[in-house]
Structures are given as structure tokens and as C-alpha cells.
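Enquirer: As a plain string of letters, each chain reads:
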Amino acid sequence: MSALLQVDKLAKRFGGIVATDDLVFEVAEGELHAIIGPNGAGKTTLIAQLSGQLPADSGSIRFAGADVTRLPAWRRSHLGLARSFQITSLFLDLTVLDNVALAVQAHAGHSFHFWRDARAEAGLRRNARAALDEVGLSNRADARASLLSHGEHRLLELAMALAGKPRLLLLDEPMAGLGPDESARMVEMLGRLKRRYTILLVEHDMEAVFALADRITVLVYGRVIASGAPDVIRADAQVREAYLGEDEHV
Amino acid sequence: MTLSIRNLATVALFAALLLLPLYVQATGDRFLLTLFTRIVILALAAVSLNLILGFGGMMSFGHAAYLGIGGYAVGMLAHEGIVSGLIQWPVALAASALFALVIGALSLRTRGVYFIMITLAFAQMAYYVIAGIARYGGDDGLTIYKRSQFGALNLSNKVVFYYVCLALLMATVYLVWRLVNSRFGMVIRGARSNETRMRAIGFPTYRYKLVCFVIAGTLGGLAGALLANHNEFISPATMYWTRSGDLIVMVVLGGMGSAAGPVFGAVALLVLEEVLSGITEYWQIILGPLLLLIVLFARGGIDGLLAAARWPQRKKAPA
Chain A
1 MSALLQVDKL AKRFGGIVAT DDLVFEVAEG ELHAIIGPNG AGKTTLIAQL
51 SGQLPADSGS IRFAGADVTR LPAWRRSHLG LARSFQITSL FLDLTVLDNV
101 ALAVQAHAGH SFHFWRDARA EAGLRRNARA ALDEVGLSNR ADARASLLSH
151 GEHRLLELAM ALAGKPRLLL LDEPMAGLGP DESARMVEML GRLKRRYTIL
201 LVEHDMEAVF ALADRITVLV YGRVIASGAP DVIRADAQVR EAYLGEDEHV
Chain B
251 MTLSIRNLAT VALFAALLLL PLYVQATGDR FLLTLFTRIV ILALAAVSLN
301 LILGFGGMMS FGHAAYLGIG GYAVGMLAHE GIVSGLIQWP VALAASALFA
351 LVIGALSLRT RGVYFIMITL AFAQMAYYVI AGIARYGGDD GLTIYKRSQF
401 GALNLSNKVV FYYVCLALLM ATVYLVWRLV NSRFGMVIRG ARSNETRMRA
451 IGFPTYRYKL VCFVIAGTLG GLAGALLANH NEFISPATMY WTRSGDLIVM
501 VVLGGMGSAA GPVFGAVALL VLEEVLSGIT EYWQIILGPL LLLIVLFARG
551 GIDGLLAAAR WPQRKKAPA
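Line order of the protein sequences matches chains A and B. Residues in the first sequence are numbered from 1 upward in steps of one, following the numbering used here. Residues in the second sequence are numbered from 251 upward in steps of one, following the numbering used here.
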């Protein structure tokens with residue numbers, strides 16, 4: 001398998017704090033690659049750098065053979081990089097279907113169409129419904145996004161990321177704030193998406209990570225301290241040490 | 251399907267505006283026609299402002315600049331002996347579009363309070379530049395001796411001019427309504443709601459917002475060309491920052507949620523102003539608290555109240 005995403009010596013500092021410290025890792029085509037690490041390890045900063053919200057101080061990001069280090073977020077999205085947000089980031093005043101239809105529209109040519117009713121465009125609506133189907137949220141299609149429960153928001157986040165038919169899904173803690181039942185459902189859903197999409201998963205829920213991941217990279221203070229198959233990571237002494245005193249996440 | 255109260259009110263409002271000249275004819279109240287011509291023109295400006303302010307979330311505090319630029323395009327050309335509307339009006343629209351393009355390109359790089367301040371600053375700059383041009387009257391303004399000429403269409407006839415303004419207002423409301431429901435409009439609304447997410451899902455939001463800003467400015471310039479014709483006079487006061495504030499009040503009062511909302515706001519504000527100033531010299535003391543109440547208790551403005559209103563339900567038979 002070739003690498004779909006190659007991160008080389010990526011660095012980001014906020015004042016004196018090093019959030020990403022010469023990070024090197026790869027995501028292979030087709031794998032589910034998880035990134036774990038204690039709070040403050042720089043996981044969300046990494047996602048923001050990969051998707052283009054935060055510029056990197058130095059280093060490079062190659063995606064599907066192209067250097068995307070300096071590309072703005074929207075261009076990366078067009079190359080097939082889709083992210084979900086840890087803190088739900090939706091269009092709360094639009095309906096659920098409108099939210100996903102916008103994500104479809106972003107990848108259906110330019111939007112300098114000033115006259116035709118976008119909500120009457122069959123192509124946009126059909127693809128949006130398909131994405132909602134995929135996450136099991138079709139029954140809420142016409143509800144305003146603000147009226148959804150937290151669990152439903154997490155699913156909508158995922159549907160919007162899927163709507164653009166991405167080559168790589170960057171999922172930032174999809175399990176954040178979910179109850180045990182909802183978490184279990186989300187794990188099951190990610191299990192189904194696995195293989196159909198290449199996924200980079202950042203997650204605190206260790207049980208979920210070890211159940212899903214093909215490969216795990218452990219981040220501490222912006223550095224990779226270990227990377228390998230789940231069994232290898234589980235046995236790694238350095239990893240155990242990094243998590244000492246953080247047992248609530250183990 | 252029953253007609254919603256909101257739609258009925260909108261239809262009623264435009265029907266009343268359409269029938270107004272007949273009422274004026276019957277009563278001979280010429281002043282009413284003058285007042286409502288002004289209301290219709292400023293409503294057009296408010297509708298155009300609402301496109302960026304209400305739907306796009308771009309809090310521009312310089313929209314009166316387009317009234318001035320559109321107006322001065324007409325006034326300056328008339329002053330130079332060019333009275334054809336077919337030249338004056340396109341120049342008014344083009345000048346407004348260009349101004350919007352330049353200040354939009356710069357100010358849309360900022361957010362929040364900075365955006366408000368920078369649009370205000372640009373509008374004030376335009377104000378001082380125009381006030382400084384002695385050839386066109388400077389501070390004193392410029393009298394327009396001849397309204398824009400459109401062949402057989404005689405804009406000097408007050409009824410004809412009123413209907414031209416009203417037709418353009420209705421066309422603008424329709425245009426804005428189509429626009430905000432199109433793909434383009436969905437991008438604009440998405441950018442207001444959550445711009446970070448819009449970029450993350452693949453929209454280069456800046457260029458869409460800029461185009462929206464230019465469309466709104468161009469329509470504002472159209473209102474300016476109408477206003478100059480209406481007053482047969484244009485002065486820098488037309489584009490003073492307090493006028494931008496008036497337009498914002500119309501939008502907020504009328505409601506930002508629909509294309510026609512600001513029309514309600516313009517009618518309500520200007521009629522109130524007229525009525526209250528007839529009662530007391532200090533009419534702003536009454537108008538101020540009234541606006542405060544609307545902002546505090548009716549967040550969607552008049553349009554919001556209408557949208558929430560329901561027909562009285564017939565009693566259901568007990569189960």
C-alpha cells in the first residue's frame with residue numbers, strides 16, 4: 001500500500017508552546033490510522049494543520065502525491081481531504097438536509113448560480129440524502145440542525161464529511177461527549193466506513209481506537225513516541241509511561 | 251394550503267403601494283405621493299443592504315455611500331449636460347459596483363467590529379472627497395435641473411416616477427429572493443452561519459461574499475440614482491454616516507429574515523418619523539424607545555412577528 005498522506009517534520013508553535021514538534025508519519029491508502037495521546041498532545045492542532053485551518057510553521061504535508069502544505073482549506077477539501085470537528089461545527093439555522101446539501105454543493109462545480117432554487121436541485125438533494133442514509137439520520141432531514149440532540153449532531157458532522165466523497169476522512173474525536181450506547185453505535189458505524197474510506201481518527205476513547213485501528217500513532221507534546229499495530233502499541237513501555245496518571249483515558 | 255399571514259401582509263403592502271396614486275388622485279394629497287416615493291426609494295436601498303447584512307451577516311456601516319455615489323453620478327453628468335438616463339443610470343450602477351468592489355476587497359478581509367469600522371471609514375472618506383469637489387457644489391450640494399431622460403418615459407411626471415421606483419423596488423425584492431435561495435445564496439447564508447465550516451467543506455467564501463457585496467452596492471447605487479432624481483438635488487449629506495444608520499434601522503426594524511422585510515421597516519420608520527415629527531419637535535424621544543422595544547422583544551422585526559403570527563384555529567371537535 002502506498003502512502004496517501006505523508007507528513008514530514010511538521011511543526012507549529014504558539015508562543016513558547018510547541019503544539020506540533022517535527023512530526024513525521026504517514027497514512028496508507030485504505031487504512032484506519034488512529035492518533036492518540038494525552039490532553040495537550042497536539043492532536044486537534046494536527047488535524048487543523050492537515051485540513052488547512054492552521055498554517056504550519058515548517059515542514060510539509062503531501063496528500064495524494066501533491067504538496068498541500070500551503071493550500072487553503074477549501075482547496076484541500078477539493079483534493080479529497082474532509083474533516084469533522086471535535087466541537088460540533090454546523091449551520092445551526094439551516095435544516096439537516098440543507099447542511100449536507102451544502103457539503104455536496106461544495107463539490108458540484110462552482111456556486112455562481114444566482115437564479116435557480118438550490119433546494120430544488122435534485123442532484124444536490126439526492127446525494128445529501130444518501131449521506132444522511134449512510135449515518136442513519138434520514139428521518140431528521142427536515143429538522144433544523146439546532147433542534148438535534150448532541151448524538152445526532154455528531155452523526156451530522158460525519159454525514160457532512162462524507163458528502164464530498166472524500167479520499168481521506170480526518171475525524172476529530174467523533175465520540176466526544178457521547179453516552180455509552182451512542183458511542184457503541186458510532187464505533188459500529190466507523191467499522192462500516194472503514195475500508196471504503198481511508199480514515200485518520202483522533203480519539204480519546206481507547207476501547208474504540210483499539211477496536212477499529214489498523215495502525216496507531218501515539219503523540220506526546222507534539223512528538224510521535226510510538227507508531228505501529230494496536231498490539232505493538234498496547235505492549236509499548238513508553239506508551240504506558242506517557243499515559244501514567246492519565247488512566248481515565250486508558 | 252392556506253395563505254400565511256406573512257405572505258398576505260406582503261401582498262397587502264405591495265397592493266397598497268400600487269394603489270397609492272389612486273388615493274392621492276382622489277384626495278389631492280400630493281405630499282403623500284412625495285413621501286411615499288422617498289419611502290419606496292429608501293426601501294430599495296434597505297432591501298439591498300439586507301442582502302449583505304441579513305443574509306450574508308456582513309455588518310456594513312457604509313451603505314449610504316452608494317446612495318451618494320449613484321446620486322452624484324446622475325448629478326455630475328446632468329451638470330455636464332448629459333441628461334440621458336441610458337447613460338446616467340448605467341454610470342451610476344457601474345460607479346457603485348466599482349466602489350463596492352474596492353472597499354469590499356479590502357474590508358472583507360476583516361471581521362466583526364473591524365468590518366463595521368472599515369466600511370464606515372470608507373464611506374466617510376467618500377463623503378469628504380465629494381464634499382471637497384467645488385465644481386459640483388462641495389458641501390452645498392448640486393441642484394439637478396433636469397431629471398434623467400428616458401425618451402417617452404417622463405420621469406418629471408410624479409406618478410410615472412413613483413411607479414418606476416415601485417417597479418424597481420419590486421424587481422429588487424424578487425431578485426434578492428431568487429438570489430438568497432439559489433446556490434449562491436446558500437453559500438452566502440452558510441458563510442454567515444459558520445464560515446470556518448464553509449471553508450472546510452470546500453468553499454472559497456471570500457469571493458462569494460465579495461460578489462454579494464458588489465451586488466448589494468450596485469443596487470444601493472440604483473437607489474441613489476432614484477433619490478437624486480426624486481429630490482432634483484444631491485448633497486454630501488445623502489451619504490453621511492447617520493444615513494447608513496437609518497438604513498440599518500430599517501433593516502432591523504423590518505426584519506432580516508426575508509427579502510421583503512426591509513420594505514416593512516422602511517415604511518414603518520419613515521411613516522412613524524413623519525407622524526411623530528408632526529406631533530412634537532422631539533419625536534426621536536418617542537422613536538428611540540420604540541426601536542429599543544422592537545430589538546428587545548421582536549428579534550425578527552416586523553417580518554418576524556408576521557412569520558410567527560397564525561390564523562385563529564377553528565375549534566376541533568372533542569375526541
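It is worth saying that the hints were derived from the structure and are not from the lab. Backbone N, C-alpha and C define an ideal beta-carbon position, used for all residues, glycine too. Among the clues, some could well be false.
Said to hold, decoys possible - Partner residues aside, some chain B positions facing chain A, computed with beta carbon under 7 Å:
id	residue
1	T284
2	K396
3	M436
4	R447
5	Y532
6	R549
Enquirer: May I ask which of the numbered hints given earlier this structure violates, with the numbers listed in increasing order?
Expert: 1, 2, 5, 6
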